[in-house]
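> First to last, the sequence lines map onto chains A and B. For the first sequence, the residue numbers in our numbering are 1 to 341. For the second sequence, the residue numbers in our numbering are 1 to 328.
Partial list, computed: chain B residues near chain A (C-beta under 8 Å):
no., residue
1, E54
2, L220
3, A263
For lysine to aspartate or glutamate, the following EDC-like pairs were computed, each having C-alpha atoms within a straight-line distance of at most 16 Å:
no., chain 1, residue 1, chain 2, residue 2
4, B, K151, B, D118
5, B, K93, B, E82
6, A, K219, B, E274
7, B, K313, B, E246
8, B, K203, A, E287
9, A, K313, A, E293
Read the hints as simulated data drawn from the structure, not as lab findings. Here a beta-carbon is modelled for each residue, glycine too, at the ideal position from N, C-alpha and C.
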Amino acid sequence: MTQKQSQRPGAIDSNLGDSSTARTVLEVNDLRTYFFTREGVVKAVDGVSFFLRENETIGLVGESGCGKSVTCLSILRLIARPGRIVSGRVLLHGEDLLKKSEREMAQIRGRRITMILQDPMTSLNPVFTIGNQVAEAIQIHQKARGHRLRERTVEILRLVRIPSPEMRLGGYPHQMSGGMRQRVVGAAALSCRPEVLIADEPTTSLDVTIQAQYLNLLKELQNRLHVAMIFVTHDFGIVAKMCDRVAVMYAGRIVESARMRELFHNPLHPYTAALLRSLPALEGRQEWLTTIEGQPPSLVNLPPGCTFAPRCKQGDDHCLEEYPPSVGVNETHTVSCWRAV
Amino acid sequence: MLSTSNILLETKSLKKHFPVTKGFFRQRATGSIRAVDGVSFSINRGETFGLVGESGCGKTTTARLILLLEQPTSGSILFEGEDILTLPETRLKEYSKSVQAVFQDPYGSLDPRMKVRDIIGEPLVVTQALPRKAVSERVKEVLLEVGLEPKSINRFPHQFSGGQRQRIAVARALASEPKVIILDEPVSALDVSIRAQLMNLLKALQERLGLTYLLIAHDLAVVKHMSNCLGVMYVGSLVEHGGADEIYQHPCHPYTVGLLSAALPASPDVPAREVILSGEVPSPINPPTGCRFHPRCSHTKEICSEEEPVLRKVAAHHFVACHFDLGG
Numbered sequence: 001m002t003q004k005q006s007q008r009p010g011a012i013d014s015n016l017g018d019s020s021t022a023r024t025v026l027e028v029n030d031l032r033t034y035f036f037t038r039e040g041v042v043k044a045v046d047g048v049s050f051f052l053r054e055n056e057t058i059g060l061v062g063e064s065g066c067g068k069s070v071t072c073l074s075i076l077r078l079i080a081r082p083g084r085i086v087s088g089r090v091l092l093h094g095e096d097l098l099k100k101s102e103r104e105m106a107q108i109r110g111r112r113i114t115m116i117l118q119d120p121m122t123s124l125n126p127v128f129t130i131g132n133q134v135a136e137a138i139q140i141h142q143k144a145r146g147h148r149l150r151e152r153t154v155e156i157l158r159l160v161r162i163p164s165p166e167m168r169l170g171g172y173p174h175q176m177s178g179g180m181r182q183r184v185v186g187a188a189a190l191s192c193r194p195e196v197l198i199a200d201e202p203t204t205s206l207d208v209t210i211q212a213q214y215l216n217l218l219k220e221l222q223n224r225l226h227v228a229m230i231f232v233t234h235d236f237g238i239v240a241k242m243c244d245r246v247a248v249m250y251a252g253r254i255v256e257s258a259r260m261r262e263l264f265h266n267p268l269h270p271y272t273a274a275l276l277r278s279l280p281a282l283e284g285r286q287e288w289l290t291t292i293e294g295q296p297p298s299l300v301n302l303p304p305g306c307t308f309a310p311r312c313k314q315g316d317d318h319c320l321e322e323y324p325p326s327v328g329v330n331e332t333h334t335v336s337c338w339r340a341v
Numbered sequence: 001m002l003s004t005s006n007i008l009l010e011t012k013s014l015k016k017h018f019p020v021t022k023g024f025f026r027q028r029a030t031g032s033i034r035a036v037d038g039v040s041f042s043i044n045r046g047e048t049f050g051l052v053g054e055s056g057c058g059k060t061t062t063a064r065l066i067l068l069l070e071q072p073t074s075g076s077i078l079f080e081g082e083d084i085l086t087l088p089e090t091r092l093k094e095y096s097k098s099v100q101a102v103f104q105d106p107y108g109s110l111d112p113r114m115k116v117r118d119i120i121g122e123p124l125v126v127t128q129a130l131p132r133k134a135v136s137e138r139v140k141e142v143l144l145e146v147g148l149e150p151k152s153i154n155r156f157p158h159q160f161s162g163g164q165r166q167r168i169a170v171a172r173a174l175a176s177e178p179k180v181i182i183l184d185e186p187v188s189a190l191d192v193s194i195r196a197q198l199m200n201l202l203k204a205l206q207e208r209l210g211l212t213y214l215l216i217a218h219d220l221a222v223v224k225h226m227s228n229c230l231g232v233m234y235v236g237s238l239v240e241h242g243g244a245d246e247i248y249q250h251p252c253h254p255y256t257v258g259l260l261s262a263a264l265p266a267s268p269d270v271p272a273r274e275v276i277l278s279g280e281v282p283s284p285i286n287p288p289t290g291c292r293f294h295p296r297c298s299h300t301k302e303i304c305s306e307e308e309p310v311l312r313k314v315a316a317h318h319f320v321a322c323h324f325d326l327g328g
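Excised from the complex, chain A in its bound form (with noise of 0.2 Å):
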């Protein structure tokens, strides 16, 4: 019963369709990325362990200083100092990446594994037109010059719906509207066609007519291109639209993850269950919200138990003694909770 789900990726489920046979293109395993600073030493990610089909979306949902970003920075191994991923493993079709040199990462990031931060103003370079931006990858990656990169790049713009990229090429970066730039980093982001698309948070700095036209040209292109998708974000509205399965993260570690419509409908871990009570609904009229009292934890010196008991209001001693282990619900989903044990 308590055995990870990441470790039987083959799992049928009726229910997914045909991506269900689908291959595993990502497996992360207990990983644990510390910072070790002169307050102590902060366990940002500290045991994730998730894995990610082909043509799926996975959706790493929780609050800011949760870990979410230190994952994704840990898995295409960009962490600088005084961070260290101390341990774990991160298989991209079953290779171990943390194994790699770092020459061979560089032939991973922007190829196999890219990435689409936040806001897209600090991710392009203000100094280099767009062309030349989105050029660089494929000019790396796919070793192409002259006449043939200008096409592809023209292409690859097209694909994100630039109009008339060919202008466009020569523009630079403050020429466009934040929905168009963050089209131009997803642009660079897929023109090297890559396996696993990680996008943290990309619509946060877009307003909301942009952000449904963002999250719409990334379903469109994902089933274009089938590439596996892992999406940071703390908006459950954006979950229940892009993700087909989703982690709930806490203080570094995945406390619930299950299929999107099974999170919704049955969130076993109270964390889960109060966040979703917690939300106004557009639909209907609600005169309270259901609060979460207190605030998430530091992550220097985290207590032994379970790093919700403070705020659970179904804890008791136990919970402030030992972290509950990941205990399998059913083929897909899994929680910590000493309640499900």
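For this one, chain A is given, so just place chain B on it according to the hints.
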């Protein structure tokens, strides 16, 4: 002074145009940004008016005009029936005491070098010239009101978390016993699990103290939860306003329809209303002629680019600025 009507705050064709200048040494105006271009709405006593719209549509400028942080180009602001733009200087202090604000970013809106005592006490010292002891009594009182401990009076903002800082900002707004609080994106900088706490606090305070809120937010679920009335802004003007439930159920303006369908329900079972607006928000320097929404609208006809629609009544408390009857 007290008017008999239930309307507490009202704006009438409020306009704010910022000049666009060219030249470095000799600046000359080459045009203007019509940030707010003829906005009229009214807020009833004890109610919440939600102002929604995308960034750059003039929500915050409207709030700044009401707070008298900007001088309007034209139009009037009525508070308890009096035009505050024509009030003498001596009466303005009274007005600024009654209208307070909570801003988006609790990290930017609190001075890091001031203690909580001074942050919350400042409006009291400025508007009421209370003695020191009375100020600290009042500060402790409002701290309790927002759910913080009175003993935190001598701490600095950095010793608080984001949610607690926003509570301090609310306490500062409450200190001078205002009638209206302008909430400019009060929860968008906070974490999901903290948002509900603050929204409940704001609602409880409204109930207990009979406050009137002007809420500015881009999260439609938040606005819906908090507001009685709703105004939808697009490039400087109101395109639709009325009762919040009415607008959510029967949006009439095509922009409101698009905005509502872009809001993602936090549940997989609510069928998403799929009306995705194409295009982007036009610049307020050179807004489209006629209806400002016509380049993005799917119902656009000839008249839309020629004539600017005015707000007209479609139901008891529901006004829309559109040439056509598109009520859903």
